[in-house]
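Number of protein chains: 2
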Amino acid sequence: MTSYEQVLAALPAEIVVSDKDIIDGYTTDFRKKYRGESPALLRPRSTEEVALIVKLCDQHKVPLIPVGGNTGYCGGATPDESGQQLLISLQRMNKIREVDADNLSITVDAGCILSEVHQAAEQVNLMFPLSLGSQQSCQIGGNISTNAGGVSAVRYGITRDLVLGLEVVLPDGQILSNLSPLRKDNRGYALHQLLIGAEGSLGIVTGASLRLFLPPVNRVTAFLAISGINDLMPLLAKAQQYTGEAVTSFEYISGASLDLLFAGKPELRRPVQTSSKHFVLIEAATSSPVLAMDQAIEAFFEDGMSEEMILDGVIATSEQQRQDFWNLREHIPEGEVLNGGSVKHDVSVRISDMARFIELGSDLVNRYGQGARLSVYGHVGDGNVHFNVLAPEGVKAAAFLEEVSAEVSPCIYDLVAKFDGSFSAEYGLGQDKLSLDQSYGDPVKRRLMGRIKNVLDPKAVMNPGKVVGNQICDPS
Amino acid sequence: MTSYEQVLAALPAEIVVSDKDIIDGYTTDFRKKYRGESPALLRPRSTEEVALIVKLCDQHKVPLIPVGGNTGYCGGATPDESGQQLLISLQRMNKIREVDADNLSITVDAGCILSEVHQAAEQVNLMFPLSLGSQQSCQIGGNISTNAGGVSAVRYGITRDLVLGLEVVLPDGQILSNLSPLRKDNRGYALHQLLIGAEGSLGIVTGASLRLFLPPVNRVTAFLAISGINDLMPLLAKAQQYTGEAVTSFEYISGASLDLLFAGKPELRRPVQTSSKHFVLIEAATSSPVLAMDQAIEAFFEDGMSEEMILDGVIATSEQQRQDFWNLREHIPEGEVLNGGSVKHDVSVRISDMARFIELGSDLVNRYGQGARLSVYGHVGDGNVHFNVLAPEGVKAAAFLEEVSAEVSPCIYDLVAKFDGSFSAEYGLGQDKLSLDQSYGDPVKRRLMGRIKNVLDPKAVMNPGKVVGNQICDPS
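For the protein sequence lines, the chains are A and B, in the order given.
For the first sequence, the numbering used here assigns the number 472 to the last residue and increments by one with no breaks.
For the second sequence, the numbering used here assigns the number 472 to the last residue and increments by one with no breaks.
Just so you know, these hints were derived from the structure itself, not from any lab.
It is possible that part of the hints are untrue.
Intra- or inter-copy, both count: the list cannot distinguish identical chains.
Claimed, not checked - Below are the DSBU-like pairs computed for lysine-lysine, each with C-alpha atoms no more than 35 Å apart in a straight line: (1) Lys441 x Lys455; (2) Lys57 x Lys261; (3) Lys234 x Lys29; (4) Lys91 x Lys414; (5) Lys16 x Lys455; (6) Lys414 x Lys57; (7) Lys392 x Lys91; (8) Lys57 x Lys455; (9) Lys51 x Lys414; (10) Lys261 x Lys455; (11) Lys392 x Lys441; (12) Lys392 x Lys57.
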C-alpha cells in the first residue's frame, strides 16, 4: 500500500470520498491557474475526526491539503500534481455552536459558510461584519486561515480583529482550544494569532469564537464622482471626521473599471451621470436612534462639493438603490472577466501614499503601452487597492496577459516595494506568491517562518508547498 | 572572567551602568514582591547596539532581562537573585521616529514613555488612545510586550489592536523589522503578533508603528449610581446602542472601592450623593461636529432612569468635573494601598457572565469572613474586573493578606475557571502567575509555547524564568 492508502484504510469509510467528480471540485483553484490531483477528499464530522486524520497523516508522512470554499486567489488550497496528497474539507462541520448575544459573540464550526454566520447573528439582532464577494460559498475557516479583509474592514477590521478564540488541530494531531469568547486574556503567547493567516500550514482551524456588533439603524450609502485622485484620501478623512469614525466602507472604483463593467453588461445603469475618472462608494452607519448619520453624511457631502473635491454624487434613498450601488461594486471583477480577464495585483501602501501610488502605477502601465487597459479599485480606506491590468479590446487576452505578467507586474511590484508596501494585502501567499516573497520578502522573516513551520510540523504534512514553500530550513 | 563580565568587556563603556543606586531601581518590582540582583544595567542607544548586546549574551549564555518603566504587576522585568543576569533598558531610545498624520500612524522607539506618544499625536491633532494609570512612566515597549489594556479598550482595543508593525531584535541578535504602517499585509505568518505580549521572552521590541485616531470634539462623561449588579452590563448595551458603539470607557467602581478611597483621602468629594453599592464611570466621544453625542448620552440616561437601572448620576459639565471623575477612578488602587494593600485578582470572564461572577466571587469572600474587605472595579466593558481582597481595618495587613492568598485566591481562580475565564486578563504572567498557569492553563498551549520559546531562544537567554518558566521542553 502507498502511504495515503494506509491513511485511508485506517479511517471510517463514511468520511472518505473517492468520487472523482467531487474531488475535481477542489483540484483546480478558483482562478483555474493551478491544477493538481488527489486520490481522496476527507470529510470529517468532528474535531476528533480531524485530529485522527492529522495524526494518521503525520504518522505516514502523507501531505494533507485543507480546502474551504475554494474561493482563494493564490492556489493555497490546491493539491500538487503528484496524486499523493489528501484533501480535507470541513463542510460537514457547519454548526453554529453558540450565540451569546449579551457577550456579543458567536462560536462556530470552521466549516460554516460565511453567510450562515451572518444569518445566525441576524437572528439575535446582531451583526457579523466580515463581508466578501464570495460570502455565499467561502467558509469561515478559510476566512480565518487567509485573514480575509473585505469591504467593511475600514470600520470593523480584518478577520484577525474579529477572532476572539480558535480551536485548532495542530500538525501532530493535538487539539489547541481557546474558544472562550473573552475580550482580554494575557496568559502567555497569542498562539492563535499565528494560526490566523497561516493558510493551513500550521494546523487546521476547526472552530472559532467571533465578535458580533450592533446592527445599523441608520445607514447612509452614497456614490460619488470625485475630481481627482488626490482628493481620494482627503475625502475619507473628511468623512471620518463628520461621521465620528463611523465609515463602514470606502471603496474606490476607477472610471475605467466601471466602463469595463458597462461594456460587458449594458443593462446596468450609471448611478452618477457626470463623467469622471474616479468614483467612490461610501457607506456610514450607526446603531444609534439618536445620532443623525444622514445629516453627518450630508454635511460631508456639502463640504466636499464646496471644496470641489466631489463633482457629483447620489445618496441612496431606498434599500433598492443602495443594493444597486453595491451591485456595481461587487460586479467589477466580473467586468474584468467579460473583457478577457486581468493580471491582478492586490497591493497595499500607506493611506497617505495611495493617490501617488495609483498615479505612478498608471504611468507605468501607460508607458508599457500596447493598448493595455487598467482596472483599479478596492478598499482604499485600508490602504488596499486592486491594481489590475487587462488586454486591449479585440486582442487575444491569454497571450497578452502572460506578457503583462512577465513585463509589467515586476515593475508594479518594484513600485510597491519603493513605497514599503505589501504585494499581498489580503490574498495571502498560497503557492502563487511564493516567488514574490522570495524576491521582495524579508529574509529574516522568511527564516523565522521556516523555523516555526519546522518545529510545529517537522514532517511537512500540513499544506506543503504553500506560504513557506518547500524550503528545508537550517534549524540553527 | 564570569560570563557576564565577558559580555560587559565587549560592550562600549558608555552603555554599561554599574551604579548600584541606578540598578536598584530595577531589581525590585513595582509591587515590591520580587527582589533580585544584577551587576549592570545596559542602556543601548540604537537598535544595532541592542542587537550587539543580544548577540553577546547569546554567545556567552548570559541571561538578559529587558526592563521598561518598572510598572508591571507580575515581576516580569525583575532579575533573579543570582546576580548573573544583565538588565537592558531602552530609555535612551526614546525618539518619535515619524508621525504620518494622513496615514493615522506614528512610529516610535520602544523606549518612549507612553505619555510622550500621546503628546506627539496631539501635536498633529490626533490621538493615541492607549490610556493607563502609569502612562507618565511606563514605556511603549513594555506596553507592547505585556499587551496592555487600560481604560479605553472598549472602543479602541488593547495594545495588540493598536500595533501596525514592530521592529524586534530576536534572541539570536537578528533584526526583524516590519515597521511599514500598513493596515493590511498578508505576506505569511503574523510573527509580530507573537512578540506582542511575549514579555521579552522571544526578543526585544525596539520600535513600533502604531495607529492613531481622530480626537473627540464632543465628549460626554458621566458618573452613575446604579441599582444592582445585574444592571451593569445591560446598561453598557444600552449605552452602546444610543451612542452608536462610541463608548470610550465603561469603568465599574464598587461602592466599597470608593469607600476605601474616601476613608484614606477625606479631601475628595463624592460625585453622586445617592448611596449605592455600584457605580459606573462612562465616557463616550465623537470626532463629529454634527453628531450630538450629548443628546445620545442624555437619552441613554433617561432610558436607564426610567427603567430604574440608574439610581442617580451626574454628567460632567466642565473639563474640571470630568477630571474629578477620572481622578477618583485612577486613585482606586491608592485607596487600597492606604488601607493596607490588597491581594489582586486581574480576571476576565464573558461580558454576559460579569454580574454573576462578581456576585459569586463576593459570596466567596463573605463566606471566608474574618472581616476581609472587597475592592472590585475595572474595565467591565472588556469583561475585565480587578477583584481585590483587603484585610479588615486595624488588622496587620501583611499576614492577613498572605492567608487570603493561600485560602481565598485559589477559590476565586477556581470560580474564574468555572466561567472559562482568564486568571490574567491584562497583567500577563511574568513570574508571579507561572504557578497559576501550571494549575489552570492548557497543557497543550504550554507545550507549544515551550517549543516556540526553544526554537527562537534555544539557550534561554531572553528573560528566563518568565512567561514560559524554566521548563526544559521535549522538542518532540
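Tested hints:
{"no.": "1", "hint": "Lys441 x Lys455", "verdict": "both (21 Å within a copy, 20 Å between copies)"}
{"no.": "2", "hint": "Lys57 x Lys261", "verdict": "neither (50 Å within a copy, 68 Å between copies)"}
{"no.": "3", "hint": "Lys234 x Lys29", "verdict": "neither (41 Å within a copy, 50 Å between copies)"}
{"no.": "4", "hint": "Lys91 x Lys414", "verdict": "between (45 Å within a copy, 24 Å between copies)"}
{"no.": "5", "hint": "Lys16 x Lys455", "verdict": "within (28 Å within a copy, 51 Å between copies)"}
{"no.": "6", "hint": "Lys414 x Lys57", "verdict": "neither (42 Å within a copy, 39 Å between copies)"}
{"no.": "7", "hint": "Lys392 x Lys91", "verdict": "neither (46 Å within a copy, 55 Å between copies)"}
{"no.": "8", "hint": "Lys57 x Lys455", "verdict": "both (6 Å within a copy, 30 Å between copies)"}
{"no.": "9", "hint": "Lys51 x Lys414", "verdict": "between (44 Å within a copy, 31 Å between copies)"}
{"no.": "10", "hint": "Lys261 x Lys455", "verdict": "neither (50 Å within a copy, 64 Å between copies)"}
{"no.": "11", "hint": "Lys392 x Lys441", "verdict": "neither (40 Å within a copy, 54 Å between copies)"}
{"no.": "12", "hint": "Lys392 x Lys57", "verdict": "neither (44 Å within a copy, 63 Å between copies)"}
Taken one by one, the earlier hints fail for this structure at numbers 2, 3, 6, 7, 10, 11, 12, listed in ascending order.
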